[in-house]
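There are 2 protein chains.
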Amino acid sequence: MCLPDQLTIGLLGGTGPQGRGLALRMALAGHRVLLGSRDPRRAAGIVDDLLAGRDLPIEGVANAEAAEAADVVFLVFPYAGQAEVLPGLAAAIGAKVVVDVINPLGWDTHGPYLLQVPEGSAAEQAAALLPEARVVAAFHHAAPKLLADPERQVETDVLVASDDPEAKGLVLELADQIPGCRGVDAGPLRLARHLEGFTAVIVGINRRHKIHAGLRISRLGDDKRRRLNAELRPARGPGGLKERGGSPPVDRDREEGP
Amino acid sequence: MCLPDQLTIGLLGGTGPQGRGLALRMALAGHRVLLGSRDPRRAAGIVDDLLAGRDLPIEGVANAEAAEAADVVFLVFPYAGQAEVLPGLAAAIGAKVVVDVINPLGWDTHGPYLLQVPEGSAAEQAAALLPEARVVAAFHHAAPKLLADPERQVETDVLVASDDPEAKGLVLELADQIPGCRGVDAGPLRLARHLEGFTAVIVGINRRHKIHAGLRISRLGDDKRRRLNAELRPARGPGGLKERGGSPPVDRDREEGP
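Residue numbers (this note's numbering), protein chains in the order written: chain A, -9 to 248; chain B, -9 to 248.
Please keep in mind that the hints were generated in silico from the structure rather than gathered at the bench. Because the structure is a prediction, the values reported are computed rather than measured. Just so you know, even glycine gets a beta-carbon here, dropped at the ideal spot from N, CA and C. Honestly, I wouldn't trust all of these hints.
Said to hold, decoys possible - Capping the alpha-carbon separation at 27 Å, the derived lysine-lysine pairs in DSSO-like fashion look like this:
1) A:Lys200 with A:Lys135
2) A:Lys135 with B:Lys214
3) B:Lys135 with A:Lys214
4) A:Lys200 with B:Lys200
5) B:Lys200 with A:Lys214
6) B:Lys135 with B:Lys200
Claimed, not checked - Simulated restraints on C-beta separations:
7) A:Ala59 with B:Lys200: 16 to 26 Å
8) B:Ala85 with A:Lys200: 43 to 53 Å
9) B:Asp139 with A:Gly35: 49 to 59 Å
10) A:Ala59 with B:Glu74: 16 to 26 Å
Said to hold, decoys possible - Covered by chain A, according to a simulated footprint, are these stretches of chain B (three or more residues, beta-carbon under 8 Å):
11) 172 to 178
12) 208 to 221
Just chain A, same shape as in the assembly (with noise of 0.2 Å):
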């Protein structure tokens, strides 16, 4: 896999808080956005009001069409939508990166809760329906209020599960292009489930400080930890993504000795 400077990233059921401000930072970052929905009238309106004037390579299609045309394919349905919809976009998707950014959760009277998904996590069903995909799972506690507002900062790390080192070295070089998101490696896909059921934790915390947390792993040294997400990328020419300014915050810059 060969990065080019810039992506076509599709994101499926892209209509939602969490698509619409990825399709925006996936833009300002300099890739083409295909943003899908069932309906690519509904999606193409939601661009109209996404872009507001702005002059950025976002396009509302129909999943169908996004998944084909994508270099990158992003999952940002619904949980329930999930195991619906994607046995029917199987064949289009391929054996593409694939980046599950599905938080499968509920709520009752005591907050948010993680559902039981048969397959362990949102991202490993994706993985058992998409066989050949090379499923990624991340992003899930970027704040969809502050992706969609250019003018701030998204305050978190991106934590990064995948079983395919390319692929999770391509994402986190993703992640890194947001500015105020660093990219890490979370480790293997199996570990997803933690990733997406600590989004209940921080979900309860908004509620209860009426913030829109992110998280940040403490004492992880930039310089160590871009130089380990770059050995999971593979050798590639000068044409590689462009940094955006996803600047860490300087007191987390600190790293332990050996």
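Given chain A, work out where chain B should sit, using these hints.
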């Protein structure tokens, strides 16, 4: 429950790295600490090593004695020990505040993973075995290596889950007494599984990056956090727990408008 300035803290199964580190930090915060083990002679030897000539109120005792004499009981057994040992200590623990610090983790060629706990989490297992106790899950992400070194800040937010608001308020306050830690209300006890599970993610990050990571909730302002935490505590006299410098990092101190 009226919190005196000095509590007696009993650490059951406290001879491991987490128990030793918490013993040191709780003693430095001004509390009396009973470090418990099945073998009180072993506990006494470990306390001698831990004190290294320092004048701190830590004693090595049998688990039963620590459970009996403590105001607050910490469970720092290895996970496998909890179900075996707790039933014999239930009478001594009674209706006390119990802080479950246990991370039920396994390790294989793919790294750390969360063990299946029939009750959902180690903390919920403790609650099932100690039906009278006021169970709180906390301190999962405090690195033992940092806890053990009084010269260093323990750079983590301490996420605290419980169904008992007063007990939760007390433990949030204990967390704030460790320099570098911030106590954060993480919701009801049913979310303890996600605190325990997230430790698998952190342990993997530690292994890959050779660090002692913790986590911070971003955008969580300290004034609001302290105010909400204080609302969980019972009203009490002037002898509240003293602040010992658990200061937050400066750039995390922003908060969202209402």
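Status of each hint after checking the structure:
A C-alpha spacing of about 12 Å is found between Lys200 (chain A) and Lys135 (chain A), which places the hinted pair at or below 27 Å, so the restraint holds. For the hint pairing Lys135 (chain A) with Lys214 (chain B), the CA-to-CA distance comes to about 20 Å; that is within 27 Å, so the pair holds. Simply put, Lys135 (chain B) and Lys214 (chain A) have alpha-carbon atoms about 20 Å apart, close enough for the 27 Å limit, and the pair holds. For the hint linking Lys200 (chain A) to Lys200 (chain B), the alpha-carbon distance of about 35 Å lies beyond 27 Å, and the restraint is violated.
For the proposed pair Lys200 (chain B) and Lys214 (chain A), the alpha carbon gap of about 10 Å is at most 27 Å, so the pair holds. Between Lys135 (chain B) and Lys200 (chain B), the direct Cα distance comes to roughly 12 Å. Compliance with the 27 Å bound is thereby established for this hinted pair. Hint check: Ala59 (chain A) to Lys200 (chain B), Cβ distance near 41 Å, so the stated range 16 to 26 Å is violated. In this structure the hint that Ala85 (chain B) and Lys200 (chain A) lie 43 to 53 Å apart at CB is violated, the actual value being about 34 Å.
A C-beta distance of roughly 58 Å is found between Asp139 (chain B) and Gly35 (chain A), which places it inside the suggested range of 49 to 59 Å. The hinted window of 16 to 26 Å between Ala59 (chain A) and Glu74 (chain B) is violated, with their beta carbons roughly 58 Å apart. Residues of the segment 172 to 178 of chain B lying with their CB closer than 8 Å to a CB of chain A number 5, which satisfies the three-residue condition for coverage. With 7 residues carrying a beta carbon less than 8 Å from a beta carbon of chain A, the segment 208 to 221 of chain B meets the three-residue requirement, and the given coverage holds.
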